[in-house]
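Got two chains here, each in a separate frame; can you build the complex from them with the hints?
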Amino acid sequence: SQQGEEDPQALSIQEGENATMNCSYKTSINNLQWYRQNSGRGLVHLILIRSNEREKHSGRLRVTLDTSKKSSSLLITASRAADTASYFCATDEDSGYALNFGKGTSLLVTP
Amino acid sequence: DAGVTQSPTHLIKTRGQQVTLRCSPKSGHDTVSWYQQALGQGPQFIFQYYEEEERQRGNFPDRFSGHQFPNYSSELNVNALLLGDSALYLCASSFGRRETQYFGPGTRLLVL
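Residue numbers (our numbering), protein chains in the order written: chain G, 415 to 525; chain B, 1356 to 1467.
If we strip away everything but chain B, and leave its shape as in the complex, we get (with noise of 0.2 Å):
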């Protein structure tokens, strides 16, 4: 059984750039969330999918953007990148929304 994954592993990006980052749940799973991890600290949430609309946000700006696709994967956009977006992003699944979230190995995201 496939937990989560993630793509791109890694990724670099200039000051301005956009970014799309993907991500599959955990078979059986139907709830997608994201989170940001900047060096040394813990994961800070970013937004919820869940039936393909967003469910709640974590206080990050409107240039952080998500679709949840029909087969329950999902994306994270960000446009206008700073050089405070570089972190690793995590994906978590989870079958309804306040059950175990698994998380994916992650994508770290360097932007220069």
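This is chain G alone, in the form it adopts within the complex (with noise of 0.2 Å):
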């Protein structure tokens, strides 16, 4: 089943603009992750963070978890056109260790 919930699920904007996204899911975690997919491909995984931390920063990617709202956000600063991929997060539940995604928030970004 699919735990994690991406909002929004499209998102358009130019380079150099900031990209914000959200995921929101249902049970407790151990920790939280984001993926990037290019086109159907494989993820690559951005960042990991756990339910003890609150932020986490790579790069140009800030991350934050709000376990209270069961909430996390995805900043991706200064975006480029390569930045252009669908964007999912995953959680693992204390119960198990399957990772459980949402459907993506498909990011378009233009020139």
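In short, the hints are calculated from the structure, not lab data. Cβ atoms here follow ideal geometry from the backbone N, Cα and C, with glycine treated the same way. Accuracy of the hints is not assured; some may be wrong.
Stated by the list, open to error - Computed list of chain B residues with no C-beta within reach of chain G, every gap over 12 Å:
{"id": "1", "residue": "Val1359"}
{"id": "2", "residue": "Ile1367"}
{"id": "3", "residue": "Val1374"}
{"id": "4", "residue": "Gln1396"}
{"id": "5", "residue": "Pro1398"}
{"id": "6", "residue": "Ile1401"}
{"id": "7", "residue": "Pro1425"}
{"id": "8", "residue": "Asn1432"}
{"id": "9", "residue": "Ala1435"}
{"id": "10", "residue": "Gly1439"}
{"id": "11", "residue": "Leu1443"}
{"id": "12", "residue": "Ala1447"}
{"id": "13", "residue": "Ser1449"}
{"id": "14", "residue": "Phe1458"}
{"id": "15", "residue": "Gly1461"}
{"id": "16", "residue": "Arg1463"}
Said to hold, decoys possible - Below, in silico cross-link-like pairs of lysine-lysine (BS3-like), each with a Cα-Cα straight-line distance of 27 Å or less:
{"id": "17", "chain 1": "G", "residue 1": "Lys470", "chain 2": "B", "residue 2": "Lys1381"}
{"id": "18", "chain 1": "G", "residue 1": "Lys517", "chain 2": "G", "residue 2": "Lys484"}
{"id": "19", "chain 1": "G", "residue 1": "Lys483", "chain 2": "G", "residue 2": "Lys440"}
{"id": "20", "chain 1": "G", "residue 1": "Lys440", "chain 2": "B", "residue 2": "Lys1381"}
{"id": "21", "chain 1": "G", "residue 1": "Lys483", "chain 2": "G", "residue 2": "Lys470"}
Claimed, not checked - Where chain B lies over chain G, by a calculated footprint (3+ residues, C-beta under 8 Å):
{"id": "22", "stretch": "452-463"}
{"id": "23", "stretch": "512-524"}
See below:
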């Protein structure tokens, strides 16, 4: 079952702008991960944030996690055309090891 | 350092046939998970292998089975293929069951 749900479903911005994607989930988690997927290819791991962390940075990426609201956000600063892809959040539940994905946010960055 | 590799990249089968997909994990990884991704959807967990045993299974019928070898590589077998099995099949590996999962490029299966 899909636990995570990304919002918005689609996002279109211009190069240089910031892109923010949100993820909500339903059950207690151990960690939350964000992945990028280009044109139906394999998923590229972007960042992992553990349930006891609130914010994490990696290059132009900033991820926040609010376990009380069961939500996370991914911010991509100074977007580039190469950031065009689908972005997924994935959670693993306390009770298991499977990653549960949402349907993703489709990001289009135009020059 | 080679990442996760999968073979074949594409496959076309007909209904009722059987298929085997293969995955080699990233060097140093001991855990392999398989996911099915239908068009326009997020990946769905099929099962996870650790120490050559199926440790957790998602909501998939028994037609889906797998195996993990002593070198940690893995196979996914699907019997009695249905049209609805057409999807991108993704393999992911990790060191330990709760760490970051790294995905391969996937095998795109089309069932006619």
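Status of each hint after checking the structure:
{"no.": "1", "hint": "Val1359", "verdict": "violated, 8 Å"}
{"no.": "2", "hint": "Ile1367", "verdict": "holds, 16 Å"}
{"no.": "3", "hint": "Val1374", "verdict": "holds, 19 Å"}
{"no.": "4", "hint": "Gln1396", "verdict": "violated, 6 Å"}
{"no.": "5", "hint": "Pro1398", "verdict": "violated, 5 Å"}
{"no.": "6", "hint": "Ile1401", "verdict": "violated, 9 Å"}
{"no.": "7", "hint": "Pro1425", "verdict": "holds, 21 Å"}
{"no.": "8", "hint": "Asn1432", "verdict": "holds, 19 Å"}
{"no.": "9", "hint": "Ala1435", "verdict": "holds, 24 Å"}
{"no.": "10", "hint": "Gly1439", "verdict": "holds, 17 Å"}
{"no.": "11", "hint": "Leu1443", "verdict": "violated, 6 Å"}
{"no.": "12", "hint": "Ala1447", "verdict": "violated, 8 Å"}
{"no.": "13", "hint": "Ser1449", "verdict": "violated, 9 Å"}
{"no.": "14", "hint": "Phe1458", "verdict": "violated, 4 Å"}
{"no.": "15", "hint": "Gly1461", "verdict": "violated, 5 Å"}
{"no.": "16", "hint": "Arg1463", "verdict": "violated, 8 Å"}
{"no.": "17", "hint": "G:Lys470 - B:Lys1381", "verdict": "holds, 25 Å"}
{"no.": "18", "hint": "G:Lys517 - G:Lys484", "verdict": "holds, 17 Å"}
{"no.": "19", "hint": "G:Lys483 - G:Lys440", "verdict": "holds, 9 Å"}
{"no.": "20", "hint": "G:Lys440 - B:Lys1381", "verdict": "violated, 31 Å"}
{"no.": "21", "hint": "G:Lys483 - G:Lys470", "verdict": "holds, 17 Å"}
{"no.": "22", "hint": "452-463", "verdict": "holds (count 7)"}
{"no.": "23", "hint": "512-524", "verdict": "holds (count 7)"}
Checked against the numbered hints given earlier, the structure breaks hints 1, 4, 5, 6, 11, 12, 13, 14, 15, 16 and 20 and satisfies all the rest.
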